[in-house]
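In case you want the letters, here they are:
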Amino acid sequence: MTEKIATRDIYGKTLVELGKADPHIVVLDADLAGSTKTVDFAKVFPERFFDMGIAEQDMISTAAGLAACGKIVFASTFAVFGSGRAWDQVRMSVAYTRLNVKIVVTHGGITTGEDGASHQANEDIAIMRALPNMTVIVPADAVQTTQVIRAAAKFYGPMYIRLSRAKTEVIYGDRDLDYQIGRGIVLREGDDVTIFAAGIMVAQALEAAERLQTEGISCEVIDLHTIKPLDKELIIRSAEKTGAVITAEEHSIIGGLGGAVAEVLVENCCVPMARVGIRDTFGESGKPDELLVKYGLTPKDIVFAAQNVIKRKR
Amino acid sequence: MTSQEKIHEITAIANKLRQHIIAMTCAAASGHPGGSLSAADIVAVIYFYLLRHKPADPGWVDRDRFVMSKGHAAPVLYAALAEAGYFPIDYLKTLRRIGSSLQGHVDMLSLPGIEMSTGSLGQGLSAANGMALAARLDKKNYHVYCLLGDGECQEGQVWEAAMTSAHHHLDNLTAIVDRNQYQIDGKVNDIKNLEPFADKWRAFGWQVFSCNGHDVKALIETLEKAAKIKNKPSVIIADTVKGKGVSFMEERPLDYHGKAPSKEEEQAALAQLCQLKDFEI
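First to last, the protein sequences are chains A and B. Note that this note's numbering gives residue 196 to position 196 of the first sequence, counting from 1, and the numbers run on in steps of one. Note that this note's numbering gives residue 230 to position 230 of the second sequence, counting from 1, and the numbers run on in steps of one.
Note that these hints are calculated values from the structure, not bench results. Because the structure is a prediction, the values reported are computed rather than measured. Among the hints, erroneous ones may be present.
To be verified - Listed next, the in silico BS3-like pairs over lysine-lysine satisfying Cα-Cα at most 27 Å (straight line):
1. K140(B) / K43(A)
2. K54(B) / K225(B)
3. K241(A) / K13(A)
4. K139(B) / K43(A)
5. K154(A) / K16(B)
6. K154(A) / K139(B)
7. K20(A) / K225(B)
8. K20(A) / K140(B)
9. K228(B) / K217(B)
10. K167(A) / K313(A)
11. K4(A) / K232(A)
Unchecked claim - Listed next, with one range per pair, are the computed distances between beta-carbon atoms:
12. G116(A) / I89(B): 55 to 63 Å
13. K6(B) / A130(A): 46 to 54 Å
14. K200(B) / I54(A): 15 to 23 Å
15. H8(B) / P46(A): 45 to 53 Å
16. P46(A) / S210(B): 36 to 44 Å
17. Y156(A) / A227(B): 32 to 40 Å
18. V61(B) / G116(A): 55 to 63 Å
Claimed, not checked - Derived coverage of chain B by chain A (criterion: at least 3 residues anywhere in the stretch with Cβ under 8 Å from a Cβ of chain A; other residues may be distant):
19. 37-49
20. 133-139
21. 152-166
All C-beta atoms, glycine included, are put in the ideal place defined by N, C-alpha and C.
Can you make the complete structure from the sequences, with help from the hints?
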């Protein structure tokens, strides 16, 4: 049984580690510190933590002001609020100004669960990647999350990093992970179809690849954690190799990883492609695992999509 | 006690700023003269009396910060920066031209001396709070000023920020509201009534001052009083006239929010502004 750790738990711990190393790090939250785990930082560095209350727009522009004075700012809330409620502030106070603000959100996607549709961010990647100067990352597991947060502290500029609520399988436990922003990771080589995935769907993709193997289908599985800037060369290279592409994301099929990959393929290497994701609908309350089944985000869904996309190969 | 000489000097500068506002918006055939003119005396006092800053070293870490939250009043800020020596005065005529550092709404990446990019109303006070908090973290004693429009105070974020300022006892922050009474679609109080405006700020935990926004002496005295307030942020509600200094703009405040003067209007406006003799200033 693979270990499961919540990526947000790791976020809290990593922030403390970073805070010890660099006094410029300042953390903001919007009344969700207990959930996003910025509370860990708050306990150790109360003078460098500001809970802005239920005021996400204020939080983002305040983060910009702090960053303008040389602080390395991490601002956290739920994905729906950090991306949606404060979109104009992210756009104008952070992306347009290129200030050093890392918007690290938790509760991305449908696995937010019981809180239901209002709290399930299925459009956040689409609206964040549309912003110039924004780096958008969806880590796949706890190990990668540590690397991502550490890399974020070193990287100068606006970032949107999306974590989940639920415990997720550790993928990078034994694998050597030399994390680099923007560099996709080939987790499994194959010849028949490429599965590009991010976040929790990476584990689902690996499971799907195992099942497809038993049917004689060889899958290449690539972790495209950085949705922006996208590892275009890797996408093209793999698509040219396998001739068929699946994308899998805990996000709408509109505008997220699927949209981004399709944009690259259509301009460079037209191969049959199919998107696994939320099919342009809002979510609902339920247990995370039940929701993944109902909304088509399981290994079975990836297998089905892969089988069909291969049929479309010329 | 500020000298009469100093008051005259700043009043004369404010008049210069008004001339620049007219000239640059005319040259651009675009821009916001009304709300820039109403703020000219406020900006003159801040940049030429109050602000500790170094035009030759815009990044000086200990400088006071000025956030123009009403980012469309860019012309008055550009005029002040030019007069202060941040860039040549001649450059003002490139306002809004493609490739110019003088963007339509202030852009911190284009122009040294701009502390925060604004334009989408309601964000500046939050940013100013961030700067004030940074000062505290760094144990620095620079002051942060933030100029807001009155219409801008209809944006909810302004009140989120106002709560933050008071909650954190940001006495190193002074907000000024350019209360020129008009927004685009009509009088502010007819569109979304701000009254009782002073009471609102008080209720949010601020020390509130009111003054005539065109009386340099009163502005100086009020800003100095505000600086002495401890433990709470201060706001100065400056009563102003949209289009101040140009009679036909003052008479038709709804017409000159975002409409630049024509060549003829420029001539007429400059004639009014330039004819003020020393003894009238």
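How the hints compare with the structure:
Straight-line distance between C-alpha atoms of K140(B) and K43(A) comes to about 24 Å, which keeps the hinted pair within the 27 Å bound. With a C-alpha separation of about 24 Å, the suggested pair K54(B) and K225(B) falls inside the 27 Å cut-off, and the hint holds. A hinted pair counts as satisfied when its Cα atoms are at most 27 Å apart, and K241(A) with K13(A) does not qualify at roughly 40 Å. Between the alpha carbons of K139(B) and K43(A) the distance comes to roughly 21 Å, so the proposed pair stays at or under 27 Å and holds.
Between K154(A) and K16(B), the direct Cα distance comes to roughly 46 Å. Violation of the 27 Å bound is thereby established for this hinted pair. Taken as a hint, the K154(A) and K139(B) pair is honoured in the structure, with Cα atoms around 24 Å apart against an allowance of 27 Å. Annotation: proposed proximity of K20(A) to K225(B) is violated, straight-line Cα distance about 40 Å (limit 27 Å). With a CA separation close to 22 Å, the supplied pair K20(A) and K140(B) stays within the 27 Å bound.
Taking the CA atoms of K228(B) and K217(B), the gap is about 17 Å. The hint holds against a cut of 27 Å. Among the hinted pairs, K167(A) with K313(A) is inconsistent with the structure: their alpha-carbon atoms are about 37 Å apart, more than 27 Å. In summary, the hint linking K4(A) to K232(A) is not supported, as the alpha carbons are separated by about 31 Å, beyond the 27 Å threshold. Taking 55 to 63 Å as the suggested C-beta distance range, the pair G116(A) and I89(B) conforms, at roughly 59 Å.
Distance hint check: the CB atoms of K6(B) and A130(A) are about 51 Å apart, consistent with the given range 46 to 54 Å. Distance hint for K200(B) and I54(A): a CB-CB separation of about 20 Å, consistent with the stated range 15 to 23 Å. Take H8(B) and P46(A): their Cβ atoms lie about 50 Å apart, and the range 45 to 53 Å holds. Checking the proposed 36 to 44 Å range against P46(A) and S210(B) shows it holds: the Cβ atoms sit about 37 Å from each other.
For Y156(A) and A227(B), the Cβ-Cβ distance of about 34 Å falls inside the hinted range of 32 to 40 Å, so the restraint holds. Checked against the hint of 55 to 63 Å, the C-beta distance between V61(B) and G116(A) comes to roughly 47 Å, which is inconsistent with it. A count of 0 residues in the region 37-49 of chain B with a Cβ less than 8 Å from any Cβ of chain A is obtained; the coverage claim is therefore unmet, three being the minimum. For the region 133-139 of chain B, the stated coverage by chain A is satisfied: 5 residues place a CB nearer than 8 Å to a CB of that chain, which reaches the threshold of 3.
Under the rule that three or more residues need a Cβ within less than 8 Å of chain A, the assignment of the region 152-166 of chain B holds, with 6 such residues.
When each numbered hint is compared with the structure, violations occur for hints 3, 5, 7, 10, 11, 18, 19.
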